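K.L.:
Fit chains B, C and D to the known structure of chain A by using the hints.
For reference, the chains in residue letters:
Number of protein chains: 4
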Amino acid sequence: MMIIMKANATPQQVEAVIAQVKSAGLNVHLSQGVEATIIGAIGETHNIPAERFEGLEGVDTVQRITQPYKLASRQFHPENTILPIDGFTVGGDEIAIIAGPCSVESRSQIIETAIAVKEAGASALRGGVFKPRTSPYSFQGLGEDGLELLAEAREVTGLPIVVEIMSQVQLDVMVKYVDVLQVGARNMQNFNLLRVIGESRTAVLLKRGLSATIEELLMSAEYILAGGNQRVMLCERGIRTFETATRNTTDINAIPVLKNLTHLPVILDPSHSTGLADYVPAIARAAVAAGADGLIVEVHPDPAKAVSDGKQSLRPEKFAEMVKQVGQIAQIMGRRLAVAQGEYTKQGWA
Amino acid sequence: MMIIMKANATPQQVEAVIAQVKSAGLNVHLSQGVEATIIGAIGETHNIPAERFEGLEGVDTVQRITQPYKLASRQFHPENTILPIDGFTVGGDEIAIIAGPCSVESRSQIIETAIAVKEAGASALRGGVFKPRTSPYSFQGLGEDGLELLAEAREVTGLPIVVEIMSQVQLDVMVKYVDVLQVGARNMQNFNLLRVIGESRTAVLLKRGLSATIEELLMSAEYILAGGNQRVMLCERGIRTFETATRNTTDINAIPVLKNLTHLPVILDPSHSTGLADYVPAIARAAVAAGADGLIVEVHPDPAKAVSDGKQSLRPEKFAEMVKQVGQIAQIMGRRLAVAQGEYTKQGWA
Amino acid sequence: MMIIMKANATPQQVEAVIAQVKSAGLNVHLSQGVEATIIGAIGETHNIPAERFEGLEGVDTVQRITQPYKLASRQFHPENTILPIDGFTVGGDEIAIIAGPCSVESRSQIIETAIAVKEAGASALRGGVFKPRTSPYSFQGLGEDGLELLAEAREVTGLPIVVEIMSQVQLDVMVKYVDVLQVGARNMQNFNLLRVIGESRTAVLLKRGLSATIEELLMSAEYILAGGNQRVMLCERGIRTFETATRNTTDINAIPVLKNLTHLPVILDPSHSTGLADYVPAIARAAVAAGADGLIVEVHPDPAKAVSDGKQSLRPEKFAEMVKQVGQIAQIMGRRLAVAQGEYTKQGWA
Amino acid sequence: MMIIMKANATPQQVEAVIAQVKSAGLNVHLSQGVEATIIGAIGETHNIPAERFEGLEGVDTVQRITQPYKLASRQFHPENTILPIDGFTVGGDEIAIIAGPCSVESRSQIIETAIAVKEAGASALRGGVFKPRTSPYSFQGLGEDGLELLAEAREVTGLPIVVEIMSQVQLDVMVKYVDVLQVGARNMQNFNLLRVIGESRTAVLLKRGLSATIEELLMSAEYILAGGNQRVMLCERGIRTFETATRNTTDINAIPVLKNLTHLPVILDPSHSTGLADYVPAIARAAVAAGADGLIVEVHPDPAKAVSDGKQSLRPEKFAEMVKQVGQIAQIMGRRLAVAQGEYTKQGWA
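Protein chains in written order, with the numbering used here: chain A, 1 to 350; chain B, 1 to 350; chain C, 1 to 350; chain D, 1 to 350.
Only chain A is shown next, with the shape it has when bound in the complex (with noise of 0.2 Å):
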């Protein structure tokens, strides 16, 4: 880290500076400059906030050279991250693919959609019983009840569930049904409950949050790696920008950064980040292309009927055009599509 001084700092600024930074149990690298005295700040600087520096008198700016998170970081972890998961990978040469709906209606309507995505390439099944919803007047999903259809899908289809957690009292329930928690974009700031996450072993699909950073995106993943749980995947989602046209903005770049910052996999969610159906397709094939190890979509059996979302929900037929069209462009970036081992028992559920 590198504290500059003001350039009418005084001796005993410089001074009082020092004696915080090794105070902080860090060493002292001094700068006398014409234009400025730099002190740099010197070991292990990762988990020292620089505010700590920031509010001392006759301080200009701190600069940080070593990023905040270490755990989540590339440099300290140069090999990406395989997550196993129930017979697939994600962060390898397989591109996941995450479909189904916002959230669960009913028994049919997951069960239908499951076997949809399934039969059209999916690797996993989302859909929400928790529902974080703008209005409190708005559905907010089907609670337990639904995470047990979510099973009973599962079991049909093989494929393994991904559900949104929103409060950490929720936690013990949905570690007995689900194979993927997802922290939303409205939690990823959520403290609480991402330390209760790292001290679970269930895996994790962190989304980025509608105006974070990526450097705040990681230092979220850091809570949760800090609390011991490795298995956290990171979820460009779209951000919010001065653009009306969609209902956020892929941050497409997003994608290679957060590839070369982090060993964790990348994957992006082209139904939030653009909101509408018609575009999803085109962001898809763009995300896979950049080089994300997967895709969370949201598909619906009947788009205009959904409680949630539907108008960036894809009918299975568009989606499984979609997902051709992603085995194509992963073919050329060197990959494949992955596939659940799950049994697929269809006819079982009727």
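No wet-lab data here; the hints were simulated from the structure.
Values in this document were obtained by computation on a predicted structure and should not be read as measured data.
Heads up, some of the hints might be wrong.
Copies of the same chain look alike in the list, so a pair counts if it works inside one copy or between any two.
To be verified - No more than 27 Å apart at the CA atoms, straight line, and that leaves these computed lysine-lysine pairs for BS3-like: (1) Lys70 x Lys22; (2) Lys22 x Lys6; (3) Lys305 x Lys318; (4) Lys305 x Lys324.
P.N.:
Then chains B, C and D, alone, in the frame of chain A:
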């Protein structure tokens, strides 16, 4: 709500939308123009999400006419809500100034600060004990011990206390101690938390999220109001934009916009909205000149030694100057500074 | 256009709005609902600004149904515009790759670069001679001398040349030399410049402004089209957001959105949209996978010595690799790389 | 400037950077830490772009210590610039209020407005004659005829006139008529225009671009100052963010930040920064309370009939109220409203 059909929508699609509108308990007003067919959905629309119709085939866009919130709306509650807080009020003629450190650090730190802000003219004391920190390696707060210290500071100064709650599991301990529950920016859409707070009867200071729209802030207030807790004030604390000269961008427009849309009190946090102590007094004056009902400001006896937010904390003497200036602006606005009614027993504590 | 009246609008106000609509040459379709009175303004509305009605008393909001542009709209011109540029086309089956240095610096620099990008598979050569620089102290370009050098580079390689125009007073000299006039992001709403370019018949590459919406980009294209110049292609080059990990945020959504809204060709500039050479190939691939009609990429023989934009310039060998990858993606998309028809006389120049 | 090398930079790369720093006429201060090697570049760095070093091999980031502008910086010019404008000044104790219609529409409209704003207490008259319009189909202004009408309005009221210039080719005609040249938000980085204005000696009101940073605004001012024209005032007019409740987001922070960074006067435009007349007085008060040196406000005798910006234009009586409130705030700030010295001959015109 107006549902605008695509230019090439078929009569069958129009019929299907009309059926959906009716099934939502709304009446239909059909307008078949040359440019487009428009279906007016009339009735109690505030609790029906636009997405219910957006995904239907042939629909171009859905435009709300009435607001998606009702309890928070000035339309249904034209008079200002005047919120009593331990002897003073927020939302009427009084301007509340809540001040104190980012984090409670020690007994002497919080009690000295409480005395200093009391003497400078503050109406209430703030102090964090559960801290939402970007990094898992940063100081996370003193927890319940901090609440004990705040209670003692209240004892000494007579100032009511405002403390941030981060998780629903903290509610029971919090309501034992605090006068006002603060919901931080990162939790503005933690709907589980909003719901349990809605069931309590403790006053709430609800901060706007970093990238939340004004409408979303009001929807979050609606969650609390819908639970039966009417004691809500809103807080603008800066939004995230491209500008990096300040930590956030103070959305000063939000003050008159919120005062227009809602009857709830609206305050501003110039410490977070600028991130730099030097700019806090100017923005505090601006807030009251724009019509804010109060301020929440970070003050620390020795910002250089603050464990968090030192850069944006005012020294007590600078805060005292700020209170004087704000008082003068308040007078021009036909208002006065609020004074807590608790007894001030400074001598007792040491 | 729909004019939504406020809930408390008087009949006189409604009448006054109706009179204004009629005086604008439009027909009126009145819809008096329970929630609100809506006045439909029907006819040739694309050239009537919404503000004509927004300021009227009693008006709540004005909602457009048809787009505010016409010549650029796919609605009125469903077929793709296929733009011939010196032997190849943009907007059809061919993917154009425009490459070259940010600034023309010297004869050897531009000719060497031209040869390198030609050999790597570029379809056209870019190079700046009038440079829009944030600082008055930065290199401002070689001016007409630079145009002479570009002309020589075209002679040697057969590549058409693409050059940025900054001011209407440069038009005469520019059209003598260049094949495509580039309008930079900072000039996207320099309406005087757009108008004179509209009167020329030289092809135009119109870049999206840093914070321009997609609709504003199309309105700027409309300025050029309205002047009679139909030879326009659009360019996404990244927008300004809160994220600082990259220079700009590539709005990849803009590719399918623009292809949906307009018949004009759409290309992407991954050099400016990322700002870092390492990320350019990933975003170039993503663009073509998302449906872009081409790319414009900064290439420099020795980025470390570039007078501008060295950080985001590819070395020729990295560019050659990128072209190969892009060619494979193009094939999957049913397309092929464009090849300029000019004669390649490499040997002649030294 | 500090050049921070990558952790794995080779000694050869460090040497190459040092050579570049020296060739830029700067001295080197080398600091080889454990974390990173840092090369301090010392000397006249304000006119050397960071990009000169950013593209060099082995370089991680380049951090400026001194600002990239000099003439605009308060560091080199600690005293406020006090700009005389026809009898009053901007930047000292006086608060200038520039008011008038968005567009000059007719003789009676502009002269009536001029009289109304004069009587309400305005210090200067604004009015557009060359209009930057998003749509080619919108009213583009009266041109030189409008300038004649403005000159007549000045004759009648004694108010100096402020008019927007859109292109360098308009300079000659503009300087014949106007007291202050306004550079609009869309032209803030029209560097050709800034350069010719720098060569004139007419006062300039430079508006911040929609998505320009504060630093970029100061760099644009530097263009004008570097040309020799010292008569520059800056104007915050709202920035583009995700919030849609108002037309723009008033960056009120920019007022104290600019007053800190530069000696140039700083005013605010609450009409554009909110876009809605109802919110203009609150933001005008806030601006002066935050330390602004003046305001520029849109006023129209009949906003409903304005050809542009009617929605954000104040009626004269609302403007008069606003001036009174602003005057009271000014007094608290130790300032007073500016009064033009030109003779007021209201009776003469009709």
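K.L.:
With reference to the structure, classify each hint as holding or not holding.
P.N.:
How the hints compare with the structure:
When the C-alpha separation of Lys70 and Lys22 is checked against a cutoff of 27 Å, the pair qualifies only within one copy, where the shortest distance is 21 Å, while the shortest distance between copies is 36 Å. Within a single copy, Lys22 and Lys6 get their C-alpha atoms as close as 20 Å, and across copies as close as 25 Å, so both meet the 27 Å cut-off. Taking the shortest Cα distances, Lys305 and Lys318 sit within 27 Å of each other inside one copy (17 Å), while across copies they are farther apart (49 Å). Taking the shortest Cα distances, Lys305 and Lys324 sit within 27 Å of each other inside one copy (26 Å), while across copies they are farther apart (44 Å).
Violated hints are absent here; each numbered hint is respected by the structure.
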